[in-house]
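Heads up: the sequence shown begins at 1 in this note's numbering, then just goes up one per residue.
Some clues are possibly wrong.
Okay, derived cross-link-like pairs now, DSS-like style, lysine-lysine, Cα gap no bigger than 30 Å in a straight line [to be verified]:
no.	residue 1	residue 2
1	Lys340	Lys21
2	Lys269	Lys84
3	Lys84	Lys340
4	Lys204	Lys139
5	Lys381	Lys340
6	Lys139	Lys340
7	Lys119	Lys143
8	Lys84	Lys21
9	Lys267	Lys204
10	Lys340	Lys69
11	Lys303	Lys269
12	Lys303	Lys119
13	Lys84	Lys381
14	Lys21	Lys204
15	Lys110	Lys69
To be clear, the hints were calculated from the coordinates, so they are not data collected in a lab.
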Amino acid sequence: MTSDFSQYTLGYDIPALPGMKLEDVQTPALLIDLDAFEANLLAMRDEIAAYGVRHRAHCKMHKSADIAKLQMELGNACGVCCQKVSEAEALARAGITDILVSNEVCDPYKLDRLAQLPKLGARILVCTDDLNNVAALSKAAVKHGTELEVLVELESGGGRCGVADGAAVLELTQAIIAEPNLRFAGIQSYQGMAQHAYEYAERKALLDTAITLTKEVVDLLASHEIACDIVGGAGTGSYPFEAASGVFNELQCGSYLFMDADYRRVKTKEGLFLPKFEHALFLLTSIMSVDIDGQAVCDAGLKAHSVDSGLPTVFERPDLRSLGFSDEHGVLKDPGNTLKLNDRIKLVPGHCDPTCNLHDWYIGLRNGVVEVLWPVTARGKFY
């Protein structure tokens, strides 16, 4: 954790300093409400423990080693996930010791770097869906005298990577077992399409299919006396289904910690909006123009947040509405003309993952005062 900020210039290198009040934070800036953040962390910890499964927290969302450590230390996560080799390297360099790259790694240079990560003292796991890739993983691990643990990715409805039938899974599994310096770790089965299926019935139908397929594959491997240490997947929008399935033993939730605007639209069976988790991530922005009647312009444009999953909402201001964003400007509907120059508002990003990747720092606040700053360790690490 960074504690010496003497090398940083406020407003150039860093948007805030510990002890500053909210109104003095330089905008646009990425805020974490520490009370809500901690409540979300503990709520997921307790719920997953009640299901009797493990949590491997997904760090592609926040990309922060400090937050990853809190997820493991306070949230009882058994390890973390990330999506890219450079993300894994950033976390391993920072002392994270159990990392799954929940993605395929095929490029020779990336494979070489991946195979070196165990030398940093980390357990490294990776996914595969191709026999040639299995051989390449082994070759890289042998070169560096390390071991990589490998999960076979199952295409369980997400329409991206993974093999779609049990026979292909079995063939890949047997190949992993046969290759030197590899260890078969289990199955990766993530139904990404289900995470943002807002209606409960639609989400359940998608996950029923995914869980059935996953069980068939696990049973097939068991019939060949092959055990899966990990049957992993799930996310913030789906985890109760996988956790209660009796098939999955490791969940990979990430966005629960921050809760963006899009996840707030996901409904439970009772029609509620994921009530266990609070908004904890905000984009603080300042009003820079109020010249047009019923409208205000803020300084948070597309370079400060992502709108791929919809426009942000304005926290605790139902009278205000986002209209649109360009590179450096955001236009807000303010029918009551309530906003004035330099007023601060908090936007709830539509999609937290790409928004976080646009910032260098998280500013942790409690009771309106900056308590901590965390660097976005793996910002820009998408190699």
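Evaluated hints:
1. Lys340 with Lys21: holds, 19 Å
2. Lys269 with Lys84: Violated. Lysine 269 to lysine 84 sits at ~34 Å, over the 30 Å cutoff.
3. Lys84 with Lys340: The hint is violated at about 43 Å.
4. Lys204 with Lys139: Violated, at about 41 Å.
5. Lys381 with Lys340: Distance ~38 Å between lysine 381 and lysine 340 Cα, so the pair is violated.
6. Lys139 with Lys340: violated, 62 Å
7. Lys119 with Lys143: Judged against 30 Å, a Cα distance of about 13 Å means the pair holds.
8. Lys84 with Lys21: It is violated: about 36 Å lies between the C-alpha atoms, which goes past 30 Å.
9. Lys267 with Lys204: Given pair lysine 267, lysine 204 holds - Cα atoms ~11 Å apart, limit 30 Å.
10. Lys340 with Lys69: Outside the cut-off at roughly 40 Å; violated.
11. Lys303 with Lys269: It is violated: about 37 Å lies between the C-alpha atoms, which goes past 30 Å.
12. Lys303 with Lys119: This hinted pair is violated, its Cα atoms lying about 36 Å apart.
13. Lys84 with Lys381: Judged against 30 Å, a Cα distance of about 7 Å means the pair holds.
14. Lys21 with Lys204: violated, 44 Å
15. Lys110 with Lys69: holds, 25 Å
The structure shown violates the earlier hints numbered 2, 3, 4, 5, 6, 8, 10, 11, 12 and 14.
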